[in-house]
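*Asks:* I would like the entire structure built from these sequences, with the hints used as guidance.
Those protein sequences? They're chains A and B, same order as listed. Quick note, this note's numbering runs 1 ahead of the 1-based positions in the first sequence. Quick note, this note's numbering runs 19 ahead of the 1-based positions in the second sequence.
Any given hint could be a false lead.
What the hints assert, rightly or not - Here are a few chain B residues that sit away from chain A, every Cβ distance over 10 angstroms (derived from the structure):
1. 35
2. 132
3. 181
4. 183
5. 190
6. 198
7. 221
8. 228
9. 332
Said to hold, decoys possible - Calculated cross-link-like contacts (lysine-lysine; reagent style BS3-like; alpha-carbon spacing at most 30 angstroms):
10. A:258 to B:341
11. A:258 to A:105
12. B:128 to A:264
Worth flagging that the hints you see were computed from the coordinates, not collected in a lab. Ideal placement from N, C-alpha and C gives every residue a C-beta, glycine not left out.
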Amino acid sequence: MEILVCIKRVPDTSENEINVNRDGTDIERDDLVYSVNEWDNYAVEEAIQIRDRVGGSVTVVTVGDEEAEEVVRREMAMGADKGILLSDEAFNGSDGRGIASIIKAEVKKGEYDLILTGAQADDGAGQVGGMLAAMLDRPYASLVTSLEVIDDKKIKVGREIEGGNLEMLEIDLPCVLSIQTGINEPRYVGIRGIRKTASAEIPVCGAEDLGLSPESVGESGSKVKRLDYFVPDSGEGAEILEGSTDEIVGKLVELLKARGGIK
Amino acid sequence: MARQVFAYIVHKEGVADDTAFEMVAAAKRIDPDASIAAIVAGTGDNLNGVCNEIASSYHEVWKIDNKALSYPNAEVIRMLLVRILPEQGLIIIPHDTFGMDLAPGLSIKLNAAYLPDAVDIDGVDENRLKAVRQEYSGQVSTHIVCDISGGAVITTRPGSFKADETKRAGGQIFDRTAQAMEGGFPETGRRFIGVIEAEVGDVDITKSEILVSVGRGVEDKDNLEIVFDLAKAMGGDVACSRPIVDAKWLEKSRQVGTSGKTVKPKIYMALGISGSFQHQGGIKGAPFIVAINKNPKAPIFKVADVGVVADMLDFVPELTDKINEMK
Ligand SMILES: Cc1cc2nc3c(=O)[nH]c(=O)nc-3n(C[C@H](O)[C@H](O)[C@H](O)COP(=O)(O)OP(=O)(O)OC[C@H]3O[C@@H](n4cnc5c(N)ncnc54)[C@H](O)[C@@H]3O)c2cc1C
Ligand SMILES: Nc1ncnc2c1ncn2[C@@H]1O[C@H](COP(=O)(O)O)[C@@H](O)[C@H]1O
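*Replies:* This is the structure in structure tokens:
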């Protein structure tokens, strides 16, 4: 099975306090810790496990700047066979549709049976996979938490719906799936593993290589644009307890007692 | 002429989802004078029940009735919608597990803009729809403009728009089945097999009055001990956010959120939980929420009643000791 996994380099929100810059045009990026989008790790792990069961190869692809190469290397260290970086100034400011059409151009160059994306990335849109599938006219299922290959034409998947229930589906290949966390336990990659992929060649393709006209992607091709970043007035918000730890613990215990929170 | 805005109604067992009434509010934020039409797909009595339930909230209700729609396969629904929606139409869909499945592909097939997971809408200026989204797990917000000249698919976050209770639209129900089925029932490479219900676990957190809930901030499985100790001291149960279940540190039946359990305790202690909307979606009944988090920007502080900015690994044992001391 030939599998393509779409990955994105994002600021790690569990590690970082995200702040808006002074004029609201972006977030403060100086001290951010970046990593692979959490969901994409599960997608790559799933792809590797499928390949190890039924054969074939795993390619990871990302649309990003040159720094995005590091996440491609990381996922190759996990076990992906190939990595591709799609990078061009013309791609800057692409909306979801733009990213999907860039990836589509790359997909057309290969013969992939299965394309995996993460369920969502840092802006929480959850759009690239579904758009890509529609552009390719292939079946799509989102939020997949179980996957079984039936034969080289069909797979059976479970997609997680409200309340943790599973919607079971049979899907024809080739198809596109978005992968939800929890489907597997992504393997750990240490520094040594990543070092091993340091010399692996990662082809870089731009708009021209992909046969894309620069106006069709990037800022000019986008129907959706960000005006600014801001932190909303949180209205009430929590009463933040201040003081020494002892004082805070004391206040909190009183509040909990008053609410019947200590039985 | 008044602008027409469509809303796709999610329903289950003959009852419309809360989002059915939230989307009315969202449509009015796009245009206060909009003519708002609901689209409901399903079959039989359940379908008719939903249509009647929402008719007073919508100007029009378009129903699509077919036995094979008793469970909504998003790929099928997408093809039906492409057949019945007018060109350059605007359609609102809930940003839930169904909407996430349907909406991105729908926007491509309609050649329309896609505005996902809107939490607020500021209205339309010419062909520019302005809305608010959140990014980075809700730590910052953005204003978005969306070119709707070619139509738009908009998903709205459940719970973000206050349900419209006016119920004076006096909606007429139109059967659009014939139009939707023109060319036959849609064929797709994705077939629905069935639904497997989530497993029940050893504790039922939906019944707990006091929940001590733990998130990724606990850092390590071994540290869960301090969480159980606090729950014991308070006489409550331990719940958690999704990453704790993904890591297999606690069973799925303890997960709070849209893809977990909906809980309604009196006290909810959120320890090392950022407060994503999917997590918040599982907390009902306005409990007294205490958040303990080392990041003062964590969204949980916006919904909590009381907050402590601290390392939970240091703070929680101190709190437990104090409670035990008092007893
Ligand atoms: C379709 C869908 C459904 C989902 N359903 C659910 C669901 O049902 N339930 C759910 O919970 N999530 C759900 N999620 C996932 C959700 O989007 C978030 O990823 C998840 O809620 C984050 O969990 P968290 O707050 O524990 O982790 P994080 O977002 O990583 O937050 C960890 C927090 O801990 C703090 N922290 C770190 N170390 C410490 C310390 N030592 N002391 C104190 N604080 C610390 C950090 O500042 C941070 O705020 C769903 C996602 C999708 C796409
Ligand atoms: N720039 C990108 N390059 C490659 N894949 C991406 C990119 N952006 C998004 N994706 C894929 O689409 C998924 C969902 O992201 P999004 O639609 O942005 O929420 C991610 O988990 C990735 O698999």
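*Asks:* List, from low to high, the hint numbers that the structure doesn't satisfy.
*Replies:* Hints 2, 8, 11, 12 not satisfied by this model.
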